[in-house]
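Chains as they are written, first to last, in my numbering: chain C, 1 to 123; chain S, 1 to 188; chain G, 1 to 422.
These aren't lab readings, by the way, just hints derived from the structure by calculation.
Glycine included, C-beta positions come from ideal geometry on N, C-alpha and C.
Misleading hints may appear alongside valid ones.
To be verified - Every beta carbon over 10 Å from chain S, so not counted as near; a handful from chain G, in silico:
1) Ile-54
2) Glu-77
3) Asp-161
4) Pro-314
5) Leu-324
6) Phe-388
7) Gln-392
Unchecked claim - Computed cross-link-like contacts, SDA-like style, restricted to lysine to any residue with a CA-CA straight-line distance of at most 20 Å:
8) Lys-87/G x Gly-179/S
9) Lys-209/G x Glu-295/G
10) Lys-229/G x Glu-60/G
11) Lys-173/S x Met-334/G
12) Lys-96/S x Lys-229/G
13) Lys-79/C x Gly-178/S
14) Lys-94/S x Glu-352/G
15) Lys-79/C x Glu-180/S
16) Lys-87/G x Asn-69/C
17) Lys-53/C x Ser-5/C
18) Lys-113/G x Glu-180/S
19) Lys-107/C x Ser-6/C
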Amino acid sequence: MSIVSSRYDIARFGMERFSSSPRQADLLIVSGRVTHKMAPAIRQVYDQMLEPKWVIAMGACASSGGMFNNYTILQGVDKILPVDIHVPGCPPRPEALIEGIVRLHEKIRAGIPPAYEIRGVAE
Amino acid sequence: MSNARLRLAFEAVPGVVETREAYAETTLVVDPARLVEACTHLRDEEGFNLLSDIAATDYFGWGEPGVAGYIGTAAGRDLHEPGSQGLAQVPTPKPKRFSVSYHLLRVGDDPARVRVQVWLDEGEAVATLVPVWPAADWFEREAWDMVGVRFEGHPNLVRILMPDDWEGHPLRKDYPLGGEPVRFSGED
Amino acid sequence: MTVVPSTRIYEGTRIPPRVPTILDVDPHKHDLGDILRVNFGPNHPSTHGVLRLIVDLDGEAIAGIEAVIGYLHTGFEKTMEEKSWWKSVTYPARIDYLGFHANELEYVLAIEKLLGIDVPRRATWARMALAELNRIHSHLVWLGTAALELGAISMFWYAFDDRDAVLDLFELAGGTRFHTRYVQAGGLAEDLPPGFTDEVRKFCAAMPKSVDEYEAILDKQKIWLERTKGIGLLSAEDALALGQSGPVLRASGVDWDLRKNMPYLAYDEVDFDVPVYANGDVYDRYKVHMDEMRESVRIVLQCCDQLDEMDGEPWIADDRKVVLPPRHELHTSMESLIYHFKIVTEGYRVPEGEVYVVIESPRGEAGCYLVSDGGARPWRVKFRAPSFAALQATATVVQGALIADMVAVAASLDFIMGDTDR
């Protein structure tokens, strides 16, 4: 949330518009831990997005389950969604997330297709 | 309120089986059949108007030697081995498998806290406290969901934190932590 | 302690009779065939995290509501049972991720109570200062997000700018913006850096002006008043019956703050007031949050004065069985080396017992029920989450509100889903 604030300001990169509706969004940032109860809801949100679409897994918990290896936390959101960028940290600093977004921009400019075209979800 | 006055007040609570004082906290162990009576007395006569928390605990495996933890060798480690740092004694045995602790608070001119505790075995149920303090609703649902303690008369005893179709009660000691084994890069 | 009689707010009780946390639709309305069931799903921009509200609407008015939680249940309590006492301190901060210091503090206070060790006063005052800074941080985020949802979008940017200033102070002390894991059983993990109190004083000089600015924007703003005054009423009796605490209880007319009524740390040695408002609506909860920010600044300044006097004093207890010895001792003392080895490999042991420690977190009464079996790991940790209790009041406060008001009311209860679901 801090990246939208005036100090870290992702508006510099053109990313300040938070879309409330998945139908009008290009990027899904999964921030924080994902539980098994929440996983179908996130998958539904992802499916509602129109292509091309990208996913950033923000934080250690979204990338891999983080410090929680137990009965309720999905060990990485890449088990249900194809993820383009993983941003580590618990919690990741705003600068880290901005770095992730900038690298995503570079990936797109370099012509690398979104993750759903080159890989699926983890096993 | 001085400790002496508080102790005298607690003697009048119906259904108390045992009173324990430790760490400046009072625990009233109550007969599960008389729980509602005891809590109504505490709410009306003693003024404990806020139910702070309901905590259900599973004591399965309490005090058994050889409980292995992640600190130790692959074969496990006996935490009760003498010679380890201090306190090499087996903890005092508990009467039954589950305890449900109700933490009450008196919000008023004479603040006080008390813990009301009931002991239950597997399959035993205890009366619900929703008619006494409506705040008990979700706390009892959580105790049911996590530990599997039944509350008789609860208007809506369904799972609250786990998905509705989940099987098992996660906070029981015989329920595994779950999760996945960690894979390291470089090994196959 | 004053309690405002309920007739000032509404007559009798509004707690739903069948299930206290579910507002049932009047069966007559069902017969008229006008009820629309809407799902405010777990993924919604205005529900402050993954809360699911199943709302029955009669036109625009709310006829029934049920809150479904559990979408962020992380299994903290079970995970902490497998970690040693020292390592498990990293977990509580992530429960209420805005009031992180409060959660770490209540857990560590519970461990210290069982251990019976004395915490040096420098650590106590530093913990108090950080707890109040944490309160300011939490209230700023609350203000920013609540105002954002009601349409006062610029408040979000103003509040977050100040919030970044608070997080800078946490970074100065603890090394990271939040989830600092700065408290440790026995005191603080490390001493406060030199110049910390000067930076805090600079922040505190600017903060009251910021709060004045926020109040100037919102206090008399017509739209804000219409959207918050008289909405989301909760009487004092209902609030106590539903286990409410913190700003929600104080906005309903009950003068109750654990820092004043059951002081912990050194709160009985500082001078501050507790804001209490009598109308029990969203506006009063907003006013309580604003006034609390000012009072927190007062407390922090007093803490800074005390900390300057205590410069050079130890910041952690001397008990080598629990606390790591200072590194320079490891070169000369054999016992220190053994203690260090024991603590790092096995971890320290906490005597058998059970305690319940409660503190006033930014959301209200946050407690930790800790059961130890005398071993190196906790047997049972249960966190009393103020947000869990706050969400139970949803069915009561939302009565008489329209669908647009529901967002305001839900925001005013100040819940965090991590805290609710643990």
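Now for the hints, and whether the structure bears them out:
{"no.": "1", "hint": "Ile-54", "in the structure": "13 Å, holds"}
{"no.": "2", "hint": "Glu-77", "in the structure": "6 Å, violated"}
{"no.": "3", "hint": "Asp-161", "in the structure": "36 Å, holds"}
{"no.": "4", "hint": "Pro-314", "in the structure": "22 Å, holds"}
{"no.": "5", "hint": "Leu-324", "in the structure": "13 Å, holds"}
{"no.": "6", "hint": "Phe-388", "in the structure": "6 Å, violated"}
{"no.": "7", "hint": "Gln-392", "in the structure": "5 Å, violated"}
{"no.": "8", "hint": "Lys-87/G x Gly-179/S", "in the structure": "19 Å, holds"}
{"no.": "9", "hint": "Lys-209/G x Glu-295/G", "in the structure": "13 Å, holds"}
{"no.": "10", "hint": "Lys-229/G x Glu-60/G", "in the structure": "18 Å, holds"}
{"no.": "11", "hint": "Lys-173/S x Met-334/G", "in the structure": "39 Å, violated"}
{"no.": "12", "hint": "Lys-96/S x Lys-229/G", "in the structure": "52 Å, violated"}
{"no.": "13", "hint": "Lys-79/C x Gly-178/S", "in the structure": "16 Å, holds"}
{"no.": "14", "hint": "Lys-94/S x Glu-352/G", "in the structure": "12 Å, holds"}
{"no.": "15", "hint": "Lys-79/C x Glu-180/S", "in the structure": "12 Å, holds"}
{"no.": "16", "hint": "Lys-87/G x Asn-69/C", "in the structure": "15 Å, holds"}
{"no.": "17", "hint": "Lys-53/C x Ser-5/C", "in the structure": "24 Å, violated"}
{"no.": "18", "hint": "Lys-113/G x Glu-180/S", "in the structure": "35 Å, violated"}
{"no.": "19", "hint": "Lys-107/C x Ser-6/C", "in the structure": "26 Å, violated"}
Checked against the numbered hints above, the structure violates hints 2, 6, 7, 11, 12, 17, 18 and 19; every other hint is satisfied.
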